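Engineer: Protein chains in written order, with our numbering: chain A, 1 to 259; chain B, 1 to 259.
Derived from the structure by calculation, the hints contain no laboratory data. Be careful, since some hints might not be right.
What the hints assert, rightly or not - Cβ-to-Cβ under 7 Å is the rule here; a few derived chain B residues that face chain A:
no. : residue
1   : 70
2   : 169
3   : 176
4   : 189
5   : 191
6   : 209
All figures in this text were calculated on a predicted structure; none of them were measured in a lab. C-beta atoms are modelled at their ideal positions from N, C-alpha and C, and glycine is treated no differently.
Protein chains: 2
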Amino acid sequence: MHVAGLILARGGSKGIRLKNLALLKGTPLLLWSLKTMSQSRGLTSIWVSSDHDDILELAHQNGAQIHRRSAESSSDGASSLDAINEFLDSHSAATNVLPPGPTALEVDVVALIQCTSPFVRVAHLNEALAKMTSGCYDSVFSVTRSHSLRWTQLEPNETEVDVANTEEIRAVNFDPHCRPKRQDWNGDLVENGAFYLSSVQLLRRGLIQGGKISFVEMSAAHSIDIDTAYDLWLAGQQASYFGFEPDGDSGDVNHLQRC
Amino acid sequence: MHVAGLILARGGSKGIRLKNLALLKGTPLLLWSLKTMSQSRGLTSIWVSSDHDDILELAHQNGAQIHRRSAESSSDGASSLDAINEFLDSHSAATNVLPPGPTALEVDVVALIQCTSPFVRVAHLNEALAKMTSGCYDSVFSVTRSHSLRWTQLEPNETEVDVANTEEIRAVNFDPHCRPKRQDWNGDLVENGAFYLSSVQLLRRGLIQGGKISFVEMSAAHSIDIDTAYDLWLAGQQASYFGFEPDGDSGDVNHLQRC
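The whole structure should be built from the sequences, with the hints applied where relevant.
Structural biologist: Spelled out as structure tokens, the structure:
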């Protein structure tokens with residue numbers, strides 16, 4: 001089974017300029033992810049897909065195979081799925097690859113790793129890879145457990161409040177007459193966007209998640225997704241507090257579940 | 001209409017010892033909340049209910065009226081509702097109060113403020129008080145907007161996966177075949193635990209939320225709820241980054257919605 005690890009790293013980004021190369025503890029985000037991927041068991045090949053020379057250069061220098069992404073699939077409107085399928089279509093023609101990349105048919109699973117989630121540890125990735133290669137699941141992705149009590153606004157026809165812009169709400173996932181205690185329920189699993197493993201069969205049907213789906217749980221502290229300058233700053237603070245290093249290995253993935 | 005602002009501040013706490021007096025930017029958490037409350041429009045009286053002398057002393061020194069909470073309602077098993085109703089039952093007999101506290105019947109609304117949520121700003125509280133005094137709602141509380149994509153584990157009878165401990169999941173609040181973009185939906189409103197305003201009528205029926213219910217939205221940066229030593233550390237970092245001060249007033253409550 002060929003499992004291709006893939007980072008989609010556009011040069012353009014709305015928040016931080018060249019976000020994928022932003023420094024966290026002195027190391028570019030891209031390398032945090034590449035180091036984790038290179039240490040994990042079960043990735044047959046490691047790829048970085050980008051439209052930006054500096055990103056492709058750094059990826060190549062650090063042992064990743066590179067895929068030059070088209071301007072079309074690098075636009076703000078393009079989805080990750082578009083970019084993955086472009087990768088699957090064309091990576092066999094990628095240049096600068098030694099040995100030549102696998103043909104599209106040879107890849108069985110794509111492990112999409114977001115380098116804006118730098119605290120994915122080798123243990124998280126290994127757990128996901130073990131689930132995918134077990135044959136029991138068609139897609140596996142990372143989640144954070146949440147005990148949120150959730151509410152939703154009533155539609156105008158649901159409310160009797162006599163105001164033009166009513167802001168009446170009702171509970172969605174619990175009974176306010178009998179509020180659950182944290183220890184009495186398992187909470188929800190919330191996508192944290194750190195990684196998605198999907199069979200190529202599924203991706204070719206236009207889905208990242210589908211068939212039999214499973215998950216890998218990450219603590220909230222491990223789950224940060226860097227979008228804004230504040231997120232990047234916070235990630236640096238967290239790395240110092242918890243001792244996260246860009247070696248893919250540090251950080252006890254279990255004892256942090258409460259954080 | 002008498003709106004009694006109330007902080008429930010036990011001496012005992014599981015995570016941080018004497019959490020309610022923990023220092024954030026050099027100021028005890030209790031005082032962050034009291035300063036916000038004292039500046040808000042619409043609180044008729046301000047109360048701190050506690051079983052601990054140091055907490056009651058600090059509250060009294062800072063202009064709050066005090067209610068000595070019983071050991072029973074201060075136990076780990078007691079709910080906030082138990083403590084609020086004990087306050088409503090007995091606060092007219094509280095000592096050290098000048099002028100004497102209102103009798104139970106005089107209070108119309110209780111505004112429960114959690115001092116473990118130090119970044120409640122005066123503007124948040126004023127918005128909640130305006131909603132309650134409008135007469136349109138029976139309870140109003142603080143929320144954070146969330147765009148979480150949520151999943152839940154399948155029950156054994158829902159899955160065909162042939163393993164003893166299946167970890168198959170299904171989406172709860174969206175269609176994975178048509179994943180929503182963040183800009184295309186309003187997200188969920190999630191209780192952040194910072195404050196709850198409830199009519200006494202409702203509280204006497206054993207409910208904190210009920211009748212016509214509304215909300216006040218706070219940004220994620222304002223919404224931190226301090227439970228662990230890590231949370232306290234993180235709150236200190238956030239206060240520095242965003243310039244939050246214990247004056248109840250700083251921090252633009254609107255432009256931070258993205259954080």
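Engineer: Quick check on the hint: residue 189 of chain B CB to chain A CB, less than 7 Å?
Structural biologist: holds (4 Å)
Engineer: Taking the closest Cβ pair, is residue 191 of chain B under 7 Å from chain A?
Structural biologist: holds (4 Å)
Engineer: Does residue 209 of chain B pass the interface check with chain A, least Cβ-Cβ distance below 7 Å?
Structural biologist: This hint holds: residue 209 of chain B lies near chain A, its Cβ roughly 4 Å from the closest one there, short of 7 Å.
Engineer: Quick check on the hint: residue 176 of chain B CB to chain A CB, less than 7 Å?
Structural biologist: holds (4 Å)
Engineer: Hint validation: residue 70 of chain B versus chain A, beta carbon distance must be below 7 Å. Holds or violated?
Structural biologist: At about 21 Å, which exceeds the 7 Å cut-off, the nearest Cβ of chain A leaves the hint on residue 70 of chain B violated.
Engineer: Identify whether the interface hint at residue 169 of chain B stands, where standing means a beta carbon of chain A within less than 7 Å of its own.
Structural biologist: holds (5 Å)
Consistency note: the structure conflicts with earlier hint 1 alone.
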